[in-house]
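Peer 1: Listed below, chain by chain, are the residues.
2 protein chains.
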Amino acid sequence: MEIFVSIQLNKRSSLPLYQQLAQQIKNLIFESQLKPDEKLPPIRKLAARLGVNNVTVVNAYRQLEQDGLLYSKVGSGTYVKPYPPSRGANALTVTPPFSGLEYSIPGLNIMDQGQLHIPSGSYNFASAIPTPELFPVADFKQILNEVLDRDGGSAFAYQEGQGYFPLRESLSRYLKDNGIGADESSIQVISGAQQGIDIIAKSLLKPGDFVITENPTYTGAIAAFKSRGARIVPAVLKEDGISIEYLQDVIEKYRPRLMYIIPNFQTPTGICYSEEKKKALLKLCQAYNIIIIEDDSFTDLSYYTQRLPIKIMAGADKVIFIKSFSKILMPGLRLAFLLAPNNVIPGLLKAKHSSDISTPGLIQRAFDLYLRKGLWEKHLEYMKEKYQQRYHVMLEAMTNYLPPEITYSKSGGGLSFWLKLPAGGSSNHFYTRCLEKKVIISPGSLFSASDERDSEYFRLSFAGLYPDEIVKGIQALSEAYEYRQNQLLARNSYSPLL
Amino acid sequence: MEIFVSIQLNKRSSLPLYQQLAQQIKNLIFESQLKPDEKLPPIRKLAARLGVNNVTVVNAYRQLEQDGLLYSKVGSGTYVKPYPPSRGANALTVTPPFSGLEYSIPGLNIMDQGQLHIPSGSYNFASAIPTPELFPVADFKQILNEVLDRDGGSAFAYQEGQGYFPLRESLSRYLKDNGIGADESSIQVISGAQQGIDIIAKSLLKPGDFVITENPTYTGAIAAFKSRGARIVPAVLKEDGISIEYLQDVIEKYRPRLMYIIPNFQTPTGICYSEEKKKALLKLCQAYNIIIIEDDSFTDLSYYTQRLPIKIMAGADKVIFIKSFSKILMPGLRLAFLLAPNNVIPGLLKAKHSSDISTPGLIQRAFDLYLRKGLWEKHLEYMKEKYQQRYHVMLEAMTNYLPPEITYSKSGGGLSFWLKLPAGGSSNHFYTRCLEKKVIISPGSLFSASDERDSEYFRLSFAGLYPDEIVKGIQALSEAYEYRQNQLLARNSYSPLL
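Top to bottom, those sequences are chains A and B.
Heads up: the first sequence runs through residues 1 to 498, numbered per the numbering used here.
Heads up: the second sequence runs through residues 1 to 498, numbered per the numbering used here.
Hints are not guaranteed to be accurate.
Unchecked claim - Under the rule of at most 27 Å between Cα atoms (straight-line distance), these lysine-lysine pairs were calculated in the DSSO-like manner:
# : chain 1 : residue 1 : chain 2 : residue 2
1 : A       : Lys437    : A       : Lys39
2 : B       : Lys226    : A       : Lys141
3 : A       : Lys141    : B       : Lys378
4 : B       : Lys277    : B       : Lys253
5 : B       : Lys206    : A       : Lys226
6 : A       : Lys206    : B       : Lys226
Unchecked claim - Quick list of simulated restraints, FRET-style, between CB atoms:
#  : chain 1 : residue 1 : chain 2 : residue 2 : range
7  : B       : Arg173    : A       : Thr399    : 37 to 47 Å
8  : B       : Asp149    : A       : Arg49     : 26 to 36 Å
9  : B       : Pro346    : A       : Asp249    : 46 to 56 Å
10 : A       : Gln286    : B       : Arg231    : 35 to 45 Å
11 : B       : Pro36     : A       : Glu239    : 22 to 32 Å
12 : B       : Tyr254    : A       : Ala138    : 53 to 63 Å
13 : A       : Lys176    : B       : Val5      : 48 to 58 Å
14 : B       : Gln8      : A       : Gly347    : 15 to 25 Å
Claimed, not checked - Residues of chain A clear of chain B, computed beta-carbon distances all greater than 12 Å:
#  : residue
15 : Ser172
16 : Ala182
17 : Glu276
18 : Ile290
19 : Ser355
20 : Trp376
21 : Glu396
22 : Asn400
23 : Val471
24 : Asn486
These are calculated hints, taken from the structure and not from any lab test.
Note that the structure is predicted; figures quoted are calculated from it, not measured.
Ideal placement from N, C-alpha and C gives every residue a C-beta, glycine not left out.
If we strip away everything but chain A, and leave its shape as in the complex, we get (with noise of 0.2 Å):
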């Protein structure tokens, strides 16, 4: 019943009282706060909680069981509905058709880049970037013009290693506003959070290092850790983050240098790390002398509960914390900074030199007066909104048309699904599947942090789609599940499964 406290419904909405609350029961669902088979609180009691008439709770149980969330057992009360688990287990064939740099992919990350074919027409759930039409292309076009306007020719001059130094200024007020305290000489501008990790890789490692990633993961870190000669430590991942036991042996056994996870809505599997997690983590850490780096893209799209940083909590002074706007922004901006301990900003900005001097100028300027105008911050709330809207029409075509054999669960934010085939499934091979109908899914593979050249899950995107397409490309990919289970019984296969 505690979870219920904080529900707030509001009488003088013009949306009905049952669809608010059933909204916000729903939110609690895609949240895991409520868990599958728990049982909601009894009709009348929860109705003198909230302070409504009991046909207001009954509505709201009601429209939810049409949407397939809950269910009742007569007699008993009402139950959330479980994900449909993994039916059987069995193999099938590993296709791997990831080798060479054969494609180009705008939008993918680094290492998906050229890996996947992308014919014309397909729904493409395996890029992770706004529709362009969700740029805030006329205000920064105003922008631009006024930065020109003021700055003439020292817009395009070189700007400091480090950073415009307005922008600095702008960033840190941005990090108080959010909790964060930090200075303007503990950030370093960078063209992309690939150049954060590119040059915290250069300015720390040495070669035969090791540093603790999470598995799976974004594996453009992992190419800029081994580009340095590092090797990779693949820490196993549970629902609420790294699993502390297997960290604190394979510390012991390696003495990592470094650690790099992305503890909110991580990359690819949704994952948002406990509160206990982090404190863990972070204790374990500082006791081995370990850098963390923290990559956020994503806390900013916490469309329920608000997430947080770990760079936020007491005693994460020693973490490297990467902000990227590409997500929400522009990713051709090639913008973002990090926030790092003063011992080791010099060494990072020998390395931004020595590997591109200094992000552009123009972009600087810009960006600086994008947030000293308050744009961002309706920009963010414009963006959260759009991406939330299609988090949803996601999840319920996913409800509706995906077979129950295909499982998954709710992050509450993000721009991403991480899916289970069948125990035994492949996704590389259910990838070609799905390609003959115009489907792209991102298969595990591309996120293993280990040399795993297959897997059962795979990620779905759902930020460069509009609503209708993600509705007709679920499916077109239900379709090309379908379609594979009928071959094989046709085949007289034993197995039901891909």
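Model the placement of chain B on the given structure of chain A, informed by the hints.
Peer 2: Just chain B now, with coordinates in the frame of chain A:
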């Protein structure tokens, strides 16, 4: 005592042990690991720690005392001398202004960055970038707006990692107009020449590999190579390019993988390679399978004889050609490209991905349109005229005002002159003298490919100064020189040297 752990003495070196030791203590002082007035370890203790005779330490300390870096108190020990060095202690004390990253000078080479102090109102001969009023801001603003109107949000999406295709088309046409056949697939767009060098190092070098560079050279390149764990073989420069005899020797000895050269208006010397030298180089590198990196920033600034890149020659298909537009267009754009053999391109693309994914799309699109409209050629003509004028003003000022013992040669192009103090002179010291007169020079040590900490040479760039400032600056520099000479004469020094 702990910081002395880092000291490594090599008994097989041709350099005496006490000199090796002195050099390394000097470095500790320059790096501020030893602070002013800090006490050095007692002679016996340090000798025991390093496993050398006491006399080695005695001699090292004595030499550093003579250099004005240490002082001793009778019965107490030896201490680090604080800056500024007390007058009269020694006439030719080296005052190393080059430690730490304290300052940032727009337009200086990467390794220069932050190493010189520029008071406001100075005559800054250290910066090799144009004064901002020369930037084509109005044209570029117009172009940016056209691109935004034409492409909308696509201008801010990710671009192909290899570069926006139409830009590669334009660059290919530009190259053909300049006599270099190149199709789009051989071109990689980069965020400035520095990034080009960095991704070449990333994709082609392994730790321990040898790279030949000119000495002196652009030390941003050295930083990128060293960051990969490569070892530098500094090649002697004659007035028509690298010494072929020396080259043959070091190639036999080290079997280097790459050679990095700036064959036209070399940084910092302004040297242009003769045609014979270029041919000999190409032949040698072909025979030993060494990839030449040709860095070309200045060929377009040939004021008399039009110089040509090596890449244009027969047999240069294995040369990687880097072309920067920074010095002529606008350095803050961070845009350049490289032309590489087809078998090298995939590796470069991968390195580019792991560095920053792609160069900002808006800038690529704008520069493409700039080329297509013929604005580049128009601007180049304009800049060449402006720079040529400054070149002449500079030459005249030097002829009129410089004391005859400061010598230089005329390169006939580029943006700098390379000057030489009388034999035995210290350009580090002269830097300090000039600073007092608000003249900023680049001492030769900033361009050293070896570990040389001082040099008789210094560079003066005229790109960032207006003609009248050039004249006043050269006058002030001459005063700085004369003043010093008079001081020395007054003290009855034998040496007429700075």
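Peer 1: None of the hints should be skipped; say for each whether it holds.
Peer 2: Status of the hints after comparison with the structure:
1. Lys437(A) to Lys39(A): Roughly 40 Å between the alpha carbons, so the hint for Lys437(A) and Lys39(A) is violated.
2. Lys226(B) to Lys141(A): Judged against 27 Å, a Cα distance of about 41 Å means the pair is violated.
3. Lys141(A) to Lys378(B): Given that 27 Å is the threshold and the Cα spacing comes to 26 Å, the pair holds.
4. Lys277(B) to Lys253(B): holds (21 Å)
5. Lys206(B) to Lys226(A): OK: Lys206(B) and Lys226(A) at ~12 Å, within 27 Å.
6. Lys206(A) to Lys226(B): holds (12 Å)
7. Arg173(B) to Thr399(A): 37 to 47 Å: Violated - the Cβ-Cβ distance for Arg173(B) and Thr399(A), about 53 Å, lies outside 37 to 47 Å.
8. Asp149(B) to Arg49(A): 26 to 36 Å: Distance hint for Asp149(B), Arg49(A) is violated at roughly 56 Å.
9. Pro346(B) to Asp249(A): 46 to 56 Å: For Pro346(B) and Asp249(A) the Cβ distance comes to about 38 Å; the hint is violated.
10. Gln286(A) to Arg231(B): 35 to 45 Å: holds (37 Å)
11. Pro36(B) to Glu239(A): 22 to 32 Å: violated (56 Å)
12. Tyr254(B) to Ala138(A): 53 to 63 Å: Cβ of Tyr254(B) to Cβ of Ala138(A): about 57 Å, so the range 53 to 63 Å holds.
13. Lys176(A) to Val5(B): 48 to 58 Å: Violated, since Lys176(A) and Val5(B) (Cβ atoms, about 41 Å apart) do not stay within the stated range.
14. Gln8(B) to Gly347(A): 15 to 25 Å: Given a distance of about 21 Å, which is inside 15 to 25 Å, the answer is holds.
15. Ser172: At roughly 18 Å from the nearest Cβ of chain B, Ser172(A) sits farther out than 12 Å, so the non-interface label holds.
16. Ala182: holds (19 Å)
17. Glu276: holds (34 Å)
18. Ile290: Given a closest Cβ separation of 22 Å, the condition holds.
19. Ser355: violated (5 Å)
20. Trp376: About 15 Å separates Trp376(A) from the closest Cβ of chain B, which puts it past 12 Å; holds.
21. Glu396: holds (27 Å)
22. Asn400: holds (30 Å)
23. Val471: The claim stands: Val471(A) keeps its Cβ more than 12 Å from every Cβ of chain B (closest is about 23 Å).
24. Asn486: The claim holds: Asn486(A) sits with its nearest Cβ about 38 Å from chain B, beyond 12 Å.
Checked against the numbered hints given earlier, the structure breaks hints 1, 2, 7, 8, 9, 11, 13, 19 and satisfies all the rest.
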